[in-house]
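Asker: Chains as they are written, first to last, in the numbering used here: chain A, 11 to 169; chain B, 12 to 285.
Warning: the hint list may mix true and false statements.
[Said to hold, decoys possible] Rough simulated footprint, nothing fancy, chain B against chain A, three-plus residues with beta-carbon under 8 Å: (1) 91-103; (2) 134-146.
[What the hints assert, rightly or not] With the Cβ distance kept under 8 Å, some of the chain A side facing chain B (calculated, not the full set): (3) ASP13; (4) HIS16; (5) GLY57; (6) GLY60; (7) LEU75; (8) MET76; (9) GLN80; (10) ALA124.
[Claimed, not checked] Cβ pair distances, simulated, as ranges: (11) HIS263(B) <-> ARG85(A): 43 to 49 Å; (12) LEU228(B) <-> ARG85(A): 48 to 54 Å; (13) GLU138(A) <-> SER146(B): 37 to 43 Å; (14) ARG63(B) <-> ARG27(A): 36 to 42 Å; (15) ASN130(A) <-> LEU254(B): 48 to 54 Å; (16) LEU254(B) <-> ASP67(A): 33 to 39 Å; (17) ARG167(A) <-> GLY77(B): 15 to 21 Å; (18) LYS25(A) <-> GLU48(B): 18 to 24 Å; (19) ARG167(A) <-> SER152(B): 37 to 43 Å; (20) HIS56(A) <-> PRO155(B): 21 to 27 Å.
Keep in mind the hints are simulated off the structure, nothing from the lab. Keep in mind the model is a prediction, meaning the values are calculated, not measured. Positions of the beta carbon are idealized from the N, C-alpha and C atoms, including for glycine.
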Amino acid sequence: MSDKLHEVSIEVNGKARPGAVPARLSLVDWLRDELCLTGTHVGCEHGICGACSVMLDGEPVRSCLMYTVQANGHRVTTVEGLAKPDGSMSILQDAFCETHGLQCGYCTPGMLIAAQGLLNSNPNPTEEQIRDAIGGNLCRCTGYQQIVEAVQLAAERTK
Amino acid sequence: MLSTHGDSAKLIAGGQSLVPMMAMRLVRPAFLVDINEIAELKFARTERDTARIGACLRQSVVERDGALATRVPLLRQALAWVGHVQTRNRGTVGGSLAHADPSAELPLAAQVLGAKMILRSAKGTRTLDAEEFFSGPMSTSMRPDECLEEIHWPVWSEKRTGSAFTEIAIRHGDFAMVAAAAQVALDAGGRCTRAAFGLGGAGGTPLAFPKIAARLLGAKLEDKAIEDAAGEAAKECDPGSDLHATKEYRRHLARVLAGRVLREAHAKALAATR
Numbered sequence: 011m012s013d014k015l016h017e018v019s020i021e022v023n024g025k026a027r028p029g030a031v032p033a034r035l036s037l038v039d040w041l042r043d044e045l046c047l048t049g050t051h052v053g054c055e056h057g058i059c060g061a062c063s064v065m066l067d068g069e070p071v072r073s074c075l076m077y078t079v080q081a082n083g084h085r086v087t088t089v090e091g092l093a094k095p096d097g098s099m100s101i102l103q104d105a106f107c108e109t110h111g112l113q114c115g116y117c118t119p120g121m122l123i124a125a126q127g128l129l130n131s132n133p134n135p136t137e138e139q140i141r142d143a144i145g146g147n148l149c150r151c152t153g154y155q156q157i158v159e160a161v162q163l164a165a166e167r168t169k
Numbered sequence: 012m013l014s015t016h017g018d019s020a021k022l023i024a025g026g027q028s029l030v031p032m033m034a035m036r037l038v039r040p041a042f043l044v045d046i047n048e049i050a051e052l053k054f055a056r057t058e059r060d061t062a063r064i065g066a067c068l069r070q071s072v073v074e075r076d077g078a079l080a081t082r083v084p085l086l087r088q089a090l091a092w093v094g095h096v097q098t099r100n101r102g103t104v105g106g107s108l109a110h111a112d113p114s115a116e117l118p119l120a121a122q123v124l125g126a127k128m129i130l131r132s133a134k135g136t137r138t139l140d141a142e143e144f145f146s147g148p149m150s151t152s153m154r155p156d157e158c159l160e161e162i163h164w165p166v167w168s169e170k171r172t173g174s175a176f177t178e179i180a181i182r183h184g185d186f187a188m189v190a191a192a193a194q195v196a197l198d199a200g201g202r203c204t205r206a207a208f209g210l211g212g213a214g215g216t217p218l219a220f221p222k223i224a225a226r227l228l229g230a231k232l233e234d235k236a237i238e239d240a241a242g243e244a245a246k247e248c249d250p251g252s253d254l255h256a257t258k259e260y261r262r263h264l265a266r267v268l269a270g271r272v273l274r275e276a277h278a279k280a281l282a283a284t285r
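Next comes chain A alone, as it looks inside the complex (with noise of 0.2 Å):
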């Protein structure tokens, strides 16, 4: 394996952000350790867990199984960029708080991304369709109910 850098510009919430990073450099680790965007959280590092969901070109994938070069040219969108402008948080994220969709945190930024994504392709979904949205991303504390529940709410004041 080489430790040639490549040339890289990403858009990252709405900035471009270029890079020079080596071949095999996951997305998910530039992202935390390059940009400091810590937001992202890293789990399994194998594609299980839905941690690390972010967005690209605006649909949800998991940056443990990418690699830096491929995002080159894309968008991407992490939990820091769902937050409005102002840096208040967003509807999604209110409903998450209100309903205790979170205990120790570590899904959310996961739980967050693939919530949005649902809601930018289906303003109105199910619970079944919630359901199956969040079904890569694990959570060991909640058991989903209320993480469920804040994608209906925020569902319900998105309208």
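The hints should help you fit chain B onto chain A, whose structure is shown.
Answerer: Frame of chain A; chain B shown alone:
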């Protein structure tokens, strides 16, 4: 790259299987050739009796494609069981087929329908039937210098066609312990004119049972005929035992699930008015 470096170079498409395997150090390719940005590999075209899909088309794109769902309904039915939203947004159709996990959904759908795989190397192209393509657990008959370029899915033109897919896994989105898929076509009198079914997770490759399915031709597909076919398929398959399920349990699932998809496909064919 592939012809120069052989097995030490790997194509990477969606990476939803390859990257986990690399993370666990199960594979250590010296070279990765990323084919994600090749627009020519991302298309879907339905022709009269074939739906052609480019190998690098994302699974989520195929899932949303209404024309494909009408012409090859088994595809959308199988994709509903593939991983999760995040993995389908990145994972590709060709990647899943080339990875050739014997319990995976798309390889089973390809095997049941008899999809054709178009392979390309620097020397030219050749076509393999699904049956020749899947050669064992996680292995295919592709040569080290070949790339899966395109998949041709047969379109059944009979008006009364029905298909079904189901599986049992520990949790939805996990690897299937056993998966089953079926497609049947009926004539105006309700007699079977064409039938195909198969099982995943029940052997070293996805399995189709053309000989057993042929015996259903001309029949009304009442419960007895379906139970017999499912029973014979379960006898013929050779599942393994592991942490998640014993050989005996898998064989039991094979019989139950094969029966279930055949009944469901039959019911849909009876109701079909396309």
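Asker: Hint by hint, note whether the structure agrees.
Answerer: Going down the list of hints, with the structure as the test:
For the stretch 91-103 of chain A, the assignment as covered by chain B is violated, since 0 residues bring a beta-carbon within under 8 Å of that chain's beta-carbons and 3 are needed. Here the stretch 134-146 of chain A counts 4 residues with a CB under 8 Å from a CB of chain B, which clears the bar of 3, and the coverage holds. Checking ASP13(A) against chain B by beta carbon gives a least distance of about 14 Å; that is not within 8 Å, so the hint is violated. The interface hint given for HIS16(A) is broken, as the beta carbon of that residue sits about 11 Å from the closest beta carbon of chain B, more than 8 Å.
For GLY57(A), the suggested interface contact is upheld, since its CB lies about 5 Å from the closest CB of chain B, less than 8 Å. Given hint, GLY60(A) at the interface with chain B, holds; its Cβ is 7 Å from that chain's nearest Cβ, closer than 8 Å. Given the 8 Å rule on beta carbons, the hint for LEU75(A) holds: about 4 Å separates it from the nearest Cβ of chain B. For MET76(A), the interface hint holds, the least distance from its beta-carbon to any beta-carbon of chain B being 7 Å, beneath 8 Å.
Below 8 Å, beta-carbon pairs count as interface contacts, and GLN80(A) has one with chain B at about 6 Å; its hint therefore holds. The interface hint given for ALA124(A) is met, as the beta carbon of that residue sits about 7 Å from the closest beta carbon of chain B, less than 8 Å. Range check, HIS263(B) to ARG85(A): about 48 Å between beta-carbon atoms, so the 43 to 49 Å window is met. In this structure, LEU228(B) and ARG85(A) meet the distance hint of 48 to 54 Å, their C-beta atoms being roughly 52 Å apart.
Separation of GLU138(A) from SER146(B) is about 39 Å and conforms to the stated range, judged on CB atoms against 37 to 43 Å. At about 38 Å, the CB distance of ARG63(B) to ARG27(A) agrees with the hint of 36 to 42 Å. At about 38 Å, the CB distance of ASN130(A) to LEU254(B) disagrees with the hint of 48 to 54 Å. Checking the proposed 33 to 39 Å range against LEU254(B) and ASP67(A) shows it holds: the Cβ atoms sit about 38 Å from each other.
Separated by about 31 Å at the C-beta atoms, ARG167(A) and GLY77(B) break the suggested range of 15 to 21 Å. Between LYS25(A) and GLU48(B), the C-beta spacing of about 22 Å keeps the proposed range 18 to 24 Å intact. At roughly 54 Å, the beta carbons of ARG167(A) and SER152(B) sit outside the given window of 37 to 43 Å. Between HIS56(A) and PRO155(B) the Cβ separation comes to about 25 Å, which falls inside the hinted range of 21 to 27 Å.
The earlier numbered hints that this structure contradicts are 1, 3, 4, 15, 17, 19.
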